[in-house]
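Asker: So the chains spell out like this:
Protein chains: 2
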Amino acid sequence: MTPNANTLTVSVDAMGGDIGPAAIVPGLDISRQRHPELAYILVGDEAAITPVLKAHPRVEEAARIIHTDVSVAMDAKPSQALRQGRRTSSMWKAIEAVKTGDAGICVSAGNTGALMAMSKFCLKTLLGVDRPGIAAIWPTTRGESIVLDVGATVGADTQMLIDFALLGSAMARTLFGIERPTVGLLNVGVEEVKGLEPIREAGQHLREAGYDGLDYVGFVEGNDIGSGRVDVVVTEGFSGNIALKTAEGTARQVGGYLRDAMRASLQTKLGALLAKPGFDALRRKMDPSRVNGGVFLGLNGTVVKSHGGADALGIAAAVDLARLMVHNRLSEAIADQLRQAHQLSDDGASAEQPAATQAASS
Amino acid sequence: MTPNANTLTVSVDAMGGDIGPAAIVPGLDISRQRHPELAYILVGDEAAITPVLKAHPRVEEAARIIHTDVSVAMDAKPSQALRQGRRTSSMWKAIEAVKTGDAGICVSAGNTGALMAMSKFCLKTLLGVDRPGIAAIWPTTRGESIVLDVGATVGADTQMLIDFALLGSAMARTLFGIERPTVGLLNVGVEEVKGLEPIREAGQHLREAGYDGLDYVGFVEGNDIGSGRVDVVVTEGFSGNIALKTAEGTARQVGGYLRDAMRASLQTKLGALLAKPGFDALRRKMDPSRVNGGVFLGLNGTVVKSHGGADALGIAAAVDLARLMVHNRLSEAIADQLRQAHQLSDDGASAEQPAATQAASS
Numbered sequence: 001m002t003p004n005a006n007t008l009t010v011s012v013d014a015m016g017g018d019i020g021p022a023a024i025v026p027g028l029d030i031s032r033q034r035h036p037e038l039a040y041i042l043v044g045d046e047a048a049i050t051p052v053l054k055a056h057p058r059v060e061e062a063a064r065i066i067h068t069d070v071s072v073a074m075d076a077k078p079s080q081a082l083r084q085g086r087r088t089s090s091m092w093k094a095i096e097a098v099k100t101g102d103a104g105i106c107v108s109a110g111n112t113g114a115l116m117a118m119s120k121f122c123l124k125t126l127l128g129v130d131r132p133g134i135a136a137i138w139p140t141t142r143g144e145s146i147v148l149d150v151g152a153t154v155g156a157d158t159q160m161l162i163d164f165a166l167l168g169s170a171m172a173r174t175l176f177g178i179e180r181p182t183v184g185l186l187n188v189g190v191e192e193v194k195g196l197e198p199i200r201e202a203g204q205h206l207r208e209a210g211y212d213g214l215d216y217v218g219f220v221e222g223n224d225i226g227s228g229r230v231d232v233v234v235t236e237g238f239s240g241n242i243a244l245k246t247a248e249g250t251a252r253q254v255g256g257y258l259r260d261a262m263r264a265s266l267q268t269k270l271g272a273l274l275a276k277p278g279f280d281a282l283r284r285k286m287d288p289s290r291v292n293g294g295v296f297l298g299l300n301g302t303v304v305k306s307h308g309g310a311d312a313l314g315i316a317a318a319v320d321l322a323r324l325m326v327h328n329r330l331s332e333a334i335a336d337q338l339r340q341a342h343q344l345s346d347d348g349a350s351a352e353q354p355a356a357t358q359a360a361s362s
Numbered sequence: 363m364t365p366n367a368n369t370l371t372v373s374v375d376a377m378g379g380d381i382g383p384a385a386i387v388p389g390l391d392i393s394r395q396r397h398p399e400l401a402y403i404l405v406g407d408e409a410a411i412t413p414v415l416k417a418h419p420r421v422e423e424a425a426r427i428i429h430t431d432v433s434v435a436m437d438a439k440p441s442q443a444l445r446q447g448r449r450t451s452s453m454w455k456a457i458e459a460v461k462t463g464d465a466g467i468c469v470s471a472g473n474t475g476a477l478m479a480m481s482k483f484c485l486k487t488l489l490g491v492d493r494p495g496i497a498a499i500w501p502t503t504r505g506e507s508i509v510l511d512v513g514a515t516v517g518a519d520t521q522m523l524i525d526f527a528l529l530g531s532a533m534a535r536t537l538f539g540i541e542r543p544t545v546g547l548l549n550v551g552v553e554e555v556k557g558l559e560p561i562r563e564a565g566q567h568l569r570e571a572g573y574d575g576l577d578y579v580g581f582v583e584g585n586d587i588g589s590g591r592v593d594v595v596v597t598e599g600f601s602g603n604i605a606l607k608t609a610e611g612t613a614r615q616v617g618g619y620l621r622d623a624m625r626a627s628l629q630t631k632l633g634a635l636l637a638k639p640g641f642d643a644l645r646r647k648m649d650p651s652r653v654n655g656g657v658f659l660g661l662n663g664t665v666v667k668s669h670g671g672a673d674a675l676g677i678a679a680a681v682d683l684a685r686l687m688v689h690n691r692l693s694e695a696i697a698d699q700l701r702q703a704h705q706l707s708d709d710g711a712s713a714e715q716p717a718a719t720q721a722a723s724s
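Each protein sequence line maps, in turn, to chains X and F. Numbering follows my numbering, with no gaps: position 343 of the first sequence is 343. For my numbering, count along the second sequence from 1 and bump the result up by 362.
Hint data in this document are derived by calculation from the structure and do not stem from the laboratory. Since the model is a prediction, treat every value here as computed from it, not as a measurement. There's no promise every hint is true.
As the list claims (entries may be wrong) - Rough simulated footprint, nothing fancy, chain F against chain X, three-plus residues with beta-carbon under 8 Å:
| no. | stretch |
| --- | --- |
| 1 | 45 to 51 |
| 2 | 141 to 154 |
| 3 | 210 to 223 |
| 4 | 234 to 247 |
| 5 | 250 to 256 |
| 6 | 274 to 283 |
Said to hold, decoys possible - Taking CB as the label site, the calculated pair distances span:
| no. | chain 1 | residue 1 | chain 2 | residue 2 | range |
| --- | --- | --- | --- | --- | --- |
| 7 | X | Arg283 | F | Thr462 | 41 to 51 Å |
| 8 | X | Lys77 | F | Ala435 | 43 to 53 Å |
| 9 | X | Leu313 | F | Gln705 | 34 to 44 Å |
| 10 | X | Ile178 | F | Asp649 | 32 to 42 Å |
| 11 | X | Leu266 | F | His397 | 36 to 46 Å |
| 12 | F | Arg562 | X | Gln159 | 20 to 30 Å |
| 13 | F | Gln629 | X | Gly101 | 32 to 42 Å |
| 14 | F | Asp437 | X | Gln159 | 27 to 37 Å |
What the hints assert, rightly or not - Think about it this way: if two alpha-carbon atoms lie no more than 27 Å apart in a straight line, the pair counts; the simulated DSS-like pairs of lysine-lysine are:
| no. | chain 1 | residue 1 | chain 2 | residue 2 |
| --- | --- | --- | --- | --- |
| 15 | X | Lys99 | X | Lys120 |
| 16 | X | Lys285 | F | Lys482 |
| 17 | F | Lys638 | X | Lys285 |
| 18 | F | Lys416 | F | Lys482 |
| 19 | X | Lys276 | F | Lys631 |
| 20 | F | Lys631 | F | Lys647 |
Quick reminder that beta carbons are idealized off the backbone N, C-alpha and C, glycines included.
Based on the provided sequences and hints, a complete structural model is requested.
Answerer: Below is the structure:
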């Protein structure tokens, strides 16, 4: 392992995911072919990792192993994972490497709930952020959008939604290079329903606060996500997760309909054969391993969650995403965004308070 | 208009929807071609309805008009619609015809929130049902499923989710002819999150209660809806609405990708031309006007909400759905289902109470 000034070290939970090292190490290999500046910390069972590493010299020369016998089961409850795996598990140690500065970012294909619980516990949330969010990159008709939260929280109050808007727009700026990403709050068509107050209040705040770093456009509905109407879609984690998985399911369903339709007769089969380059392009476009990775935002350090079932290509996509985020200085963008937001709200508080009251309360 | 024993009268809010009578009357014509036993009560502005009716003698001979000048704006708030349109609007009078028994079912393409508010106010909820739900018919890989609630409520407590399971399974039995429809509760993968208690409690109740009329299979996720894993997917209205619209958006998005892919080169264009019968079949399968109609469940009378932008074919689909529900005795199925549920919970309550307490409390 020969680190240099440009080296970016990624700490990887080598035991995470449905497949483990056999998918992860080949995935790291693909990533390092694309980005030779990558180095890896592989955390997990040395006996399981070493043989796979031997078969991938490009990874081996850039990796060091941190051995641990403890790994977090894919179906462990977050509290159980914390109890049994804190400070000892491959997941924890991979996150910890970000805290100590040994790694610039952490990638895990492990249990989402456990990864979030451990990340919160180990890295702590950023100043002023109550709850971290998981941001997904969503392929749209126009390109890509960011949707958050897709599963870290259930239910969100006004402040959490505002935080998600700030965090998500910082990520959009980092990832897409857009100076003022457009932001929409996910809502249902019917306005006058109990339970939507946090969404309305967050909308009002975002409209009035006038943050430099984002362009709040109003409410969006489920069908607006895929059309790419906004760069950042903000929602609480339950509906965000349902939306994400429903979209995945629908894409698969339509793909199935298409296959059936093309197999219906000799003529359609011939047509499909002739149109194969088009279908191949469509398949590439819809390949779930092309876009893989939920980004944990709002923590002191960034963690990327890969799909549990990801193959080597999927792992590579998650690592590439992590790399891009460090490369484009996501943390700095988030810090700027939050600083400006606090500045604004401090100014707002001062402006509302007469000087005498301020003196009295200080 | 010559009613006979088999006549089924549908009351229609002729002013509802983005298009109004010009889409609605032709839609009723299509429905009556398919089902000559249909008769119509058309509520709305006589001057707007009559000319269209003249052009559709098949509807005219089976329709009577109830004139009113008042109609509910598509963007009116529910409370505003109630205040301004109660007892006077085309929407109210169409619902009222179900209450008086003049019609067997009501169809409107109007403002969803207003239609639900007026339906609740006019028809009242069924005994023991706290909040009605809107059920959508969802095309799946295996056929069709029912998803509710898709927008009547935001947030739902344990009892509401149980009610939705009872109502939805009665509808599945009516519509699909399945004796014990399978039912799943929509949830996210992470189990241990605050806010999911109502879902877990509803799940536990459904598992333990052992209702004859449904087969509770457990939690399902967003991707399970389109795969048709269960006949009935139960959720609260916010995430249900988000899921429905996200699926619509995703289907449109994939359709767009497909079109682009087929236009990429001369070869793919030729292939697509040859495969045209397959693409036509796919288009029919994904045609949103083929399945149209949200069914309001849990009221003393059934109301079907058509998509606001529905064309004549869409309106016909909503009317056909309404007809099928009356034809297959949805109301009776729901009454049976609820009666059994109350019977069970009464038995449960009695079993838990010693005889002395029962006597004392009676």
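Asker: Work down the list of hints and note, for each, if the structure agrees.
Answerer: Hint check:
no. : hint                              : in the structure
1   : 45 to 51                          : violated (count 0)
2   : 141 to 154                        : holds (count 4)
3   : 210 to 223                        : holds (count 3)
4   : 234 to 247                        : holds (count 11)
5   : 250 to 256                        : holds (count 7)
6   : 274 to 283                        : holds (count 8)
7   : Arg283(X) - Thr462(F): 41 to 51 Å : violated (57 Å)
8   : Lys77(X) - Ala435(F): 43 to 53 Å  : holds (49 Å)
9   : Leu313(X) - Gln705(F): 34 to 44 Å : violated (56 Å)
10  : Ile178(X) - Asp649(F): 32 to 42 Å : holds (36 Å)
11  : Leu266(X) - His397(F): 36 to 46 Å : holds (38 Å)
12  : Arg562(F) - Gln159(X): 20 to 30 Å : holds (27 Å)
13  : Gln629(F) - Gly101(X): 32 to 42 Å : violated (54 Å)
14  : Asp437(F) - Gln159(X): 27 to 37 Å : holds (29 Å)
15  : Lys99(X) - Lys120(X)              : holds (11 Å)
16  : Lys285(X) - Lys482(F)             : violated (46 Å)
17  : Lys638(F) - Lys285(X)             : holds (22 Å)
18  : Lys416(F) - Lys482(F)             : violated (34 Å)
19  : Lys276(X) - Lys631(F)             : holds (11 Å)
20  : Lys631(F) - Lys647(F)             : holds (22 Å)
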